[in-house]
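Those sequence lines, one after another, are chains S and P.
Under our numbering, think of the first position of the first sequence as 1, with each following residue one higher.
Under our numbering, think of the first position of the second sequence as 1, with each following residue one higher.
Treat the hints loosely; a few may be bogus.
Stated by the list, open to error - Listed next, the stretches of chain P that the computed footprint assigns to chain S, with coverage defined by at least 3 CB atoms under 8 Å from CB atoms of chain S: (1) 132-145; (2) 247-258; (3) 298-307; (4) 340-350; (5) 376-388; (6) 429-435.
It should be emphasised that the hints constitute simulated quantities derived from the structure, not laboratory data.
Owing to the predicted nature of the structure, the values given are computational and were not obtained by experimental measurement.
Cβ coordinates follow ideal geometry from the N, Cα and C atoms, glycine included.
Number of protein chains: 2
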Amino acid sequence: MTVDERFHGDLPFETAEAAAERVPTGAVVATSGFGSVGYPKAVPETIAAADGERELTVLTGGSVGEEIDTALVESGDMARRFPYLGTPAVREAANDGRVAFHDRHVSRLGDEVQYGGLADVDVALVEAVAVGEDWLIPSPSIGQSPAFVAAADELIVEVNRQQPLALQRLHDVYRPGAPPDRDPIPLTEPGGRIGDARIGFDAGKLVAVVETDRRDSTYDFREPTDVDRAIAANFGDWLAGEVERNPTMAESVRLQFGVGAIGNALMGALGDADLGDRDLVYFGEVFQDGLLDLVDDGTLASTSATTLALTRDGQDRLFEDVERYADSVVLRPVDVTNAAELVERFGVVAVNSALEVDLYGHVNSTHVDGTHALNGLGGSGDFNRAGLVTVVALPSTAGGGDLSRIVPMVPHVDHTEHDVDAVVTEHGVADLRGLAPRERAERIVEVAHPEYRSALAAYRERADEYGGHVPHDLETALEWPRDRQRE
Amino acid sequence: MTVDERFHGDLPFETAEAAAERVPTGAVVATSGFGSVGYPKAVPETIAAADGERELTVLTGGSVGEEIDTALVESGDMARRFPYLGTPAVREAANDGRVAFHDRHVSRLGDEVQYGGLADVDVALVEAVAVGEDWLIPSPSIGQSPAFVAAADELIVEVNRQQPLALQRLHDVYRPGAPPDRDPIPLTEPGGRIGDARIGFDAGKLVAVVETDRRDSTYDFREPTDVDRAIAANFGDWLAGEVERNPTMAESVRLQFGVGAIGNALMGALGDADLGDRDLVYFGEVFQDGLLDLVDDGTLASTSATTLALTRDGQDRLFEDVERYADSVVLRPVDVTNAAELVERFGVVAVNSALEVDLYGHVNSTHVDGTHALNGLGGSGDFNRAGLVTVVALPSTAGGGDLSRIVPMVPHVDHTEHDVDAVVTEHGVADLRGLAPRERAERIVEVAHPEYRSALAAYRERADEYGGHVPHDLETALEWPRDRQRE
């Protein structure tokens, strides 16, 4: 049923100031938002502007904007944060210990909160395009809002007039039931629909409705570099071979790309890959700008995501034409988009970026030098673990070439050797399937930057002296990340 | 339909010698077997005894006995091996590079082989209790046999008269279909049944049937030590609190325990835990001796596994009374027992052991000193990743107390901090849920052996000087595993 008004029934309208007073010191606040869009804005900013430090635990679906992850940190109101660091301010606070942060797989956070004992939600704070007495329609991301609303004692809704009401046409809200009586998720096509546009709740939970009229502080991706384009071309060549070989890709290819500039470049380059007349399907978590052209020109048969993680320009483009995009774009809760069950069922090729990869295929996605958190794991672990074929795509160097991203041993592991099938850089593709660690190392060195290959080979020689299935020289294995000199 | 004869229809009976000749040099051979039972015996031994080195790639469901993992290694016939090392001989060969080994999640191997490009199976070699022209009934393990039989060009069946025909009563064979048109796995109760006792195949595949009459070379677990019992008691206390708190455990508790002596002790001690009148359900991959008493006395409402990983005595006990055990024991393919979809659906509490755990909860399950492979990952990654609450249970020390299993940084990561909710040793339970890395470290030090706590605290102080979200002193982080001196 389509809704053409923003407010329905007898609603508890409040100012942001009054609603903010409903969030007491020490509260656990779970908000909407993912991909830097669709998060509440007025109430968090009002809390930040108020006197005192509320020591809040803040849960979100994924990345949110400055109104939460900068304002509440700078005001001293945020004590604890899961599962993702959306801004430099909260990143710095997590690294210096002011905010207690832990990085969680975004797919599992709903279950962890509702059933797993991670946190007891006091208040859910959700941005919507429309609200009724016992339902709301999310704005441009769904994230973990269904689980958060279900878990919370009280619900505050921000209805944002800047978010088109037509977004409801994209939404497909389905929240798996409680274990152990949970049913299989009934989605049998990547682009299918199994729910509706609304998140329902007990009417008694809704304590405040706040009107707002503000844009999201969206992502601002850099333009693809030559290196990004070379990575995308290498991936495209590899994919063209894979679809020929793989019996599950005879008619369609289901792809996921991680958020960020490389993901965006990879998405954009898909149109150039030689995939015959196969249907291209996006089954991931973020709908980025790179997909817009592919939807426009019909290259993508369908796309499934939990957020419209677009730039401001991309958002304008989609908002102007939501009805048309709704034919091929579905937004779902992240515990559906990233469900292992579905990623396995559809045989998704998962493509995610990383900070660095080691000789054996272990991946560091999150911690610079193994110690300093960057953003968070997001859904990379969800797709790397359940994807049929999993690809890590990254430039071979960082720091303008001064650092190799291929290292002897990563100082922080987010994805293990067991979950990485191929590594792609601008220098080629290391397809690791069916290979033992020593063989994997040989292939991975070949996609390192040429200037670092001899240093990596020298490490391999040192490591071989110690022997074993995964040879390492533990004395020098970690020296590399802090002292990556060119040979 | 129950089968009361071992052979049905017109079958290609052969000697083991004739069947062994059907396995050419360079072949990819995929065998039945898991938990050291239900693997083919005569044909591998005959290959090993023959002249020449066949350079085989050998895939199994999980652990198999000496007839494969020792005989084929010593004869030089094994060139490559996935996904598990079943004997000291193959472990040594993987470590010194004679056998190219890669450790895979056992849940995913069927898909990796049939659809993921891991290997192209030439011959499936499967032990059965009965066979027809286009079906077989597996012996005491199911493992990956359905996927292997489907993927193989040719099939050789060993019918073993030592394995009771009544095992068919335990089996529930269901192999998920091919992506992207795979259906949800229709299992809605942990102890339910969705298949039948048989693995079907195209009649043309069956090239040889070999009769055998030999016991499995079963596991031989050590008796629980005082430390094992203390770990089990600590886990039991923690579980008693968890079931009270957790809304999904109001009526039943679904548990998985990893294979091994500690798993066995934990299973055995379940009867002593104070879980009220809740149903206890085992939803794991291995049915070990520790579960027999619990089935006998009605403590376990149902058990689901892929193998009867019993000792010789345990096997005798179960084989004598298969019909009765069949009321509450189901054997399934490992891509069902370990499916993320089902582990999530049933809200399983996953309990697995490990070699060592670091201050932040990263786990090394497989590689001594980070380099030397022990057995393999098995299903620990499947359950640690998808379980609702995940527990790592291990003694605080190894080597008779000379080594701490709690270390500053593990030199090999099989399970990341994102997938570990609690660490249990004989000194207590570190419940890590909702904690940031620094807080996790504080709790984990408390369950280390008292003699190592000050050394760990000293490392934390050094690490704190470098700061960051996950503080580490990379210069000394890995010194510890090679130089674990008591303070």
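Comparing the hints with the structure gives:
A count of 0 residues in the segment 132-145 of chain P with a Cβ less than 8 Å from any Cβ of chain S is obtained; the coverage claim is therefore unmet, three being the minimum. Counting residues of the segment 247-258 of chain P whose CB lies closer than 8 Å to any CB of chain S gives 4, so the stated coverage by that chain holds, three being the minimum. Taking a C-beta to C-beta cut-off of 8 Å, the segment 298-307 of chain P contributes 0 residues in contact with chain S, too few for the three needed, and the coverage statement is violated. Counting residues of the segment 340-350 of chain P whose C-beta lies closer than 8 Å to any C-beta of chain S gives 6; at least three are required, and the coverage claim holds.
Taking a C-beta to C-beta cut-off of 8 Å, the segment 376-388 of chain P contributes 5 residues in contact with chain S, enough for the three needed, and the coverage statement holds. Three residues within the 8 Å Cβ limit are the bar, and the segment 429-435 of chain P against chain S gives 3, so the coverage statement holds.
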